Structures are given as structure tokens and as C-alpha cells.
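Protein chains: 2
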Amino acid sequence: MLRPWNIPLLIDALDSVPVYLQIVQAIIEEIRRGRLTSGTPMPGSRILAEQLAVNRKTVIQAYQELLAQGWLEVEPKRGTFVSHKIPVTVAAPFLAGPPAKAAIPDQPGFGFTPRESLPAEPLAPGNLVFTDGTPDVRLAPIGALASAYRQVLQAKGRRNMLGYGDAAGSFELREALSVMLNQERSLACRPENLCITRGSQMGLFLLAEALIKPGDVVVVDALSYPPAWEAFRRVGATLVPVPVDTEGMQVEELERICRQQPPRAVLLTPHHQFPTTVTLKADRRLHLLDLATRYRFAIIEDDYDHEFHYGYRPVLPLASADTEGLVLYTGSFSKLVAPSIRMGYVAGPRQVIETISQVRAIVDRQGDLMMEVALAELIEAGEIKRHARRAHGEYHQRRDALAAFLGRYLGDAVRFSVPEGGLALWVEFDAAIDVDQLAKKAVRQHVVFTPGSRFALRPEDRVNAVRLGFASLSVPELEEAVKRIARALDA
Amino acid sequence: MLRPWNIPLLIDALDSVPVYLQIVQAIIEEIRRGRLTSGTPMPGSRILAEQLAVNRKTVIQAYQELLAQGWLEVEPKRGTFVSHKIPVTVAAPFLAGPPAKAAIPDQPGFGFTPRESLPAEPLAPGNLVFTDGTPDVRLAPIGALASAYRQVLQAKGRRNMLGYGDAAGSFELREALSVMLNQERSLACRPENLCITRGSQMGLFLLAEALIKPGDVVVVDALSYPPAWEAFRRVGATLVPVPVDTEGMQVEELERICRQQPPRAVLLTPHHQFPTTVTLKADRRLHLLDLATRYRFAIIEDDYDHEFHYGYRPVLPLASADTEGLVLYTGSFSKLVAPSIRMGYVAGPRQVIETISQVRAIVDRQGDLMMEVALAELIEAGEIKRHARRAHGEYHQRRDALAAFLGRYLGDAVRFSVPEGGLALWVEFDAAIDVDQLAKKAVRQHVVFTPGSRFALRPEDRVNAVRLGFASLSVPELEEAVKRIARALDA
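Residue numbers (our numbering), protein chains in the order written: chain A, 1 to 491; chain R, 1 to 491.
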């Protein structure tokens, strides 16, 4: 005996969910809400189709789905019923629940503490943005990259690269990269000393995972890079700041810390200190390596934009002078190719590299092998070097242009040294000008920059300065951007 | 007054390190070892060039580098000296150190406990490999992918995708994916309910990060996926197993656990249980959702190969019946496109998605925007669906072929049900046959498979079974592979 079907189903023909699935969902919801219980006979497909004003085939399709899922069952010659296997009791808690689902609720149904939202950066069209030192994507070697990638995809015998691979990254890229790093940065690494990562951020993340236990001390520059702090804090590191001056990290102060509690690791950017752009001087380098030997801590050296140096010659990394496996070296292709090409690396003792490769397999299994091989071929063909040379000339010009515009339009309001390399200037403002306030006024003049106080680990390290990335803006854009800052100053 | 230069420098013209850098390294090493001390005069470039039998320009280049780094200093009219800034004392600890660096040492110079190595899988050429269910990379839609990627790279106005972007992934892909998931999996998600990840492994990793505090209970199937356990264990979760039978997770047992200590999350693969391939039945689904509502735990549903279902119709996910934001849904394109395309997603309440996107920014900043947009365009053009249909027919055939070969060549030694979907068969062996032993014998017959005991959380859950992925081998390869297992049985 069939009961009349008196349960309203809301069908929306314009919904992106197909009609038969809307019927399926509605019936499941009715079962869950306890309005359709075990053994309830279902109306015939013809009747339901008429009531819902849909094609009968659509109802049959919905019923077949519900049968396949086990919500309904067919009793031969009697008809279709809500399954007897569905326990009567479980529907009860849903009775008081919300009506059938329209969207995923914003808040989860289980207890959950969301992370505090990071402030969104204003990126309205027409704004000129000083990044903290990203390259100009308009100069990226797109043609070369696209054709290398296509060749890799289409090459015979390359299909195996579409499968799962080594979590440390493609051997071909590690080989090309080891030659490149040995020549340009005087490392002495072999492919097994390298783990390819998704940019240097993942390199820092993996090193934090592999090295740090809760409570370990990690020394950082008092002014440095917040996402790096995050990677170490989340595994329980206690960050201890050391002041930076015009010769880089004050290693004397580090020695004082070592005498109190030797750190597990010291994280720094010796080539162009982030954010202040200064280079760590030779005597401090030597002192730092000596402290690492005496106190047995790891030096994590982020060599993040060594490709761009306009002084006589780039300074070699600490890693090139390390004979005892104390330095873990990270770098990336983000500055060299494009930020969205998430390709970086960690170089270090094989034991550490093997361990971080295993951690990496838990994070995201492996990298994009095809992209890795395409990049290896660009390196081997000299394309990356050619691109670096082209970009280098351009960025050198932009550095000098920005320095000239700052002098011309801001005059005494600012003080800065022209950095020997990198993609940004560190500009200190006169004490009478509040940089945080200026940044807000600047947005109204359609120029965006991040106040340097963001890079201070502690409130007392805050500075009245700004890191102005010059590489992503052309010379006319730089001039216009500095003029807008001047206007904000006068506003 | 110049001392005679009596320090031997070993220069190797065939080394990949340029000669001038070898000189630089050797001199720094001499300074660090205390053989060259502050104020020591350096030989003139002509003299050193003669002694080393190198071009004088090379020596000048090396000196300039050493001057730039601050190791040397020039005193006008007197000559070049080791810098006075280098403290005399610090060189001492290096005196007893190793000789100049030839390679990065295998072990780091600081205390370090390496992770235990995972066993390497034998992949000698000529071996036929049963994966745990990967697709056939020979069928991957390479042409379509390469041309979509090229178009994205070359399109005007697309250069901004080379820059930094949203850590949750490209809006274009999240939009295309939400339509696809709503249509095919009956979710009700909007782009803001999605975070694009590097494959589903990263999805699990981020969820573990966002949800779990040390000591939290996470329930998993007693037989399940070890890399998923790893993601939860590393944040301190206590994994509690629930047995699996032919209807999926035994939810009765889960209820018993809930009464003792409600879990923080339940992790499962309801569509095709990994590794046993069974589908979670409707009454258990309902019971599970009910328990989640009552005990307020998160259900993490890994819908890892729903695209391939050969029964009447794929079963809809738990997420499609969740009205309260209890289900966090993960999936990936690894099975659909290729494993090396590391592209997956998490769908869930906006609050959770925003949080995991922030964690994701710490892990690797963001995904590959260009690849994400290329994939979005393949989805919108229907190319992904067309590929899935082609692959579907092929895999259906391979499933049936493997089932037939197992019957023909292994007969009574094995017992299995043909699964309704997925890319693998779960094959139990007769108790008289030790699967772990068989796997070793099989390698000698050039066929590789992973014993199912690897998927057991506890020793007592071990089974005498094997998960045989059939999708990555052609029908003739499947026949040959099963014959080789038969030979291993007889060996």
C-alpha cells in the first residue's frame, strides 16, 4: 500500500547540481531528518515525476542512485521502500537540525579555533606597489620556460616522469643545480646533497621540522623575515633576536647568547640581509663559523637573491667556507625565474637531506617532476644564466634610478645606503615622520609599501624605515611611485 | 717586505669550481686554519701566478674576491695583507680540523638524529610493478595539458600569474572545481570553500596541522594508508584503529570508542576503502554522520579515486549529506591527470579553509598559479571529463582482465571480490602462503608488489593479502605479471 507522497522537494532547474541529484539529496535529507523512516514505501516514479514536474527518467535515475547507495531497497512485486537497515533511532538528532543543505556552513560543526586572519594587502588597479623585493614578472623568461616544458612533456621516454618520483626531486635538476652552485657559489655539493623544494619557504619549513624540538633556541636577526619565524615557531622554537648593524648580524651578541644557552640553529641572510640589505662582513663570518664549531649549532643560510649583485662581485656564502657540515644552505628560483615557479632547494650534509626528503614526502609527496626537468634543461642550456644577465642589467638601472628619485623627491626626509646587490632598498625616514602613518596616507595616493616595523621580532626592535623593492617597477613607474610618496608626505 | 709564499695550494683545472674560486677557497681555508694570520703580507699576483702556473688575471680575480669579502686588505704603496680585522684567536679551533674541503660531509657537524630510512622499492628495468593503485601515465592527457599550459603562459594579461598569489589557489581553478564537485559529487561548495593543495597528501597534512593538538584521538581504519597516519602522528595525534569488513569501517566499534573518549577526527575513504576497496554502506554512513553530530568530531573524507567506478553509479560522498559542516573533504587530480601533477584540494567550512590556507602559506607560500589556471581551462573545456571517460573504459577492461588472470593462473591460492570501482584489487592469499615471503620471491621473478601487512596500523591487524593496482599495466602486462606471481608461488 502506498502512502500519498506529501513531502515537498525543492527542485531548482537552474542549480548547478543536476536535478536527479537534487532529488537524491532531498530524499536522503528526509531520511536523516526522520521524516522518511525505515520501511516507508516510496511513491512510484511516474507519480513523483508528475508531482515534481520532471521527466520520469530523472526520478528513475534518482531512485537507482538511492538503491546503489543503500538508502532504498526494492521488494519484488511490492515496490520500493526506505531501507530496513537504516536504524530508526539515528534520525532523531537531526530532527531539530537545519533545513536541507544549501551551502557548506561557514563555521564547522566541531569545535575549532580559526587562526587569526592576516591583513589583506590593498591591490586595487592603478596602485603602484613596492614589494619587499620580488622580480619583475614582465621580464620572466616565459618563452624559454614554455618551450622547455613542452619539450619535456612531448619527449619520448619521458612519460615515466608523470608518475611518482623521488621526494628529493629529479636527479637531473639536482645534477644541473649542483654544478651551478659549485661554480657560482663555490659550494662542494653533489646531487645527494640537494633536496628540491617548493621555493625557499618550504626549505625553511622542512629544516624546522627536521631540526627543532619544542623549547630549542633559534637565533634570528632582530629585523628579519616573518614567514621564516612562523616556520620555526610552529615546531616550538624559541626565537631569540640579535641586533643587526651596517656589517650584518652582531656576532659578539650571539656569542653572549651562546655562553648562556647555546642555540640549536642560527638563521640568517648573510649576503643581503633581509630587510636591511647589508652584507655580513668577513670577520663576523669567521667568528660565526667559529661559534658554530665550538657550540655545535646549525647555521641556516638563506642565500635568497645572490644572483643580483651590482658591486664588484657577489660575496661567497658561509656554506662555501664550511668544512664540517655546519651550514644548511637554502635558495630558490623565485627571484631568477618567477615567484609562481615554486622551485627552491636545500644543500647540506647527506644525512640531513635524506631526512628532510622524508619529511617532504609527508607534506606533499614530491615536486612537479616535469617542471623540474624543464628547469634542469634551461640551466644546462645556459638559458637561466642568460636571463639572469639580462635582468641584472635592468635591475641595476632600477636600483640607481630609485636611489636618484628618492634623493630628488624626498630629500632630507630619508636616509639610505645604496645596497651592493639584491632587489630592494632599505630607506630610513626622519624621526619626525611616522612611517606607519605615512603608509596609510600613501595608499590614498595609490602607492603601496609595507612599513619596516613588520620585520621587527620585538616591539623594541621597531624602526622608522621601509624596504622598497625596486625590481618589479620600471624606471618611469619608480619615478611616479616616489612622487606619490612625496605627495603623501605633504598631505 | 714580502715573505716567500710557501703555502701549497692545490688547484685542479678539471674541477667544476672555477680556478679563481679554488684559489679563494684555499686562501680562506689557510686563514681559518691559522696558517695565514692577520697582517700577513700576500705575495704579488705575478709571483703567485707563476707558482701556481695559472694566468695572472686569475690571481687578480681571486684577490679582488678576497678583498670584496673582507679577508684581505690593501695598504697603499705597501701591498696586500690578510685583514687586520680577523681576530687572531678564532683561527685556533680550526687548526686541528680536517683538511680543506672536498665535499660536504655526510653527517652534519651539529647533533642530529636522522629519520629512519624508508625501504627503497626495487625498480629495476624489466620489472613489472603492481602499484597500490596509480593510473597509467601512458594514458595521461599530455597534449591537452601541454597546450593549455602554453596558452596560459603566452596569453596577454596573464603575466600577473607569475607573481605571488592567493595561498588558497587560483580563483579560476576553485571556481571550475566547485562546479565540477557540485555536479559530480553533489557537494554544495563555492570557491571560498576550497583550498587548492599539492595533491591530497598536502590536504591531509594541512588538516592535521589545523585540527590536531598533541594527545587528540584520530580514528582510522585498522587497515589504511601509512602516509596519512604520518601526517597526523607528527602533530601528536594518537591513532586509534577501527576494524574494516566488507561493508567498510565498523561504525559500531567507533561508537564504543566515542563513549570512552570522543575522537577529534575520523579519517576514512568511504567510496573505495584503502586498501580493501569496499564501499561504506548507507546505514553505516548515516550512523557515522549521527555520531559526528552527537560527539562533534570532524570527518575527514578522502574521496581519492571516485572518478573510476564501474558499478551502476558512484556512491555520493558523506560530504554531500553533511548539513552541519562536519565533513572535510579531500580529493586530487593525481588519479585523473597524472601523479606528478601535484594538484589536490580540500573542501569544507570557510573558517577551516581560511585557516589551512594560512598554514599552507607557511609550508610553501602558494601553488603553481599557471598550472592551476591551465587545469581550470581543461576542466572548463570538458577535456578532463573526456579524458576520464577514455581512461575509465580502459581501466574497466584492465580490472576485469586482472580478475580473470588471477582466477586462471592463481586459482585456489587467492580469494577476492571484484571491486565496484577504483584502480586496485584486494587479493587475499591462502593461509598456507606467506605473502611477505611471496613478495620477496616475486622480485626474483621480476614482478613487484607491496604486501598488505604494510597497511596494518597494529601487528594484530596484519592480513595475508595484497593490494594489486591494475591501472598502470596494460592487459598483456597484467597477464605476464600474474604469470610471474604464479611462478614465484611454485618457486
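Just so you know, these hints were derived from the structure itself, not from any lab.
Incorrect hints may have been included.
Claimed, not checked - Mimicking EDC-like on lysine to aspartate or glutamate, the simulated pairs with C-alpha atoms at most 16 Å apart in a straight line are:
no., chain 1, residue 1, chain 2, residue 2
1, R, Lys-85, A, Glu-252
2, A, Lys-85, R, Asp-430
3, A, Lys-483, A, Asp-412
4, A, Lys-57, A, Glu-75
5, A, Lys-85, R, Asp-283
Here the structure is a predicted model, which means the values were calculated and not measured.
Hint-by-hint comparison with the structure:
1. Lys-85/R - Glu-252/A: This hinted pair holds, its Cα atoms lying about 14 Å apart.
2. Lys-85/A - Asp-430/R: violated (32 Å)
3. Lys-483/A - Asp-412/A: Answer holds: Lys-483/A to Asp-412/A is near 15 Å, not above 16 Å.
4. Lys-57/A - Glu-75/A: This hinted pair is violated, its Cα atoms lying about 20 Å apart.
5. Lys-85/A - Asp-283/R: holds (6 Å)
Violated hints for the displayed structure, listed by number in ascending order: 2, 4.
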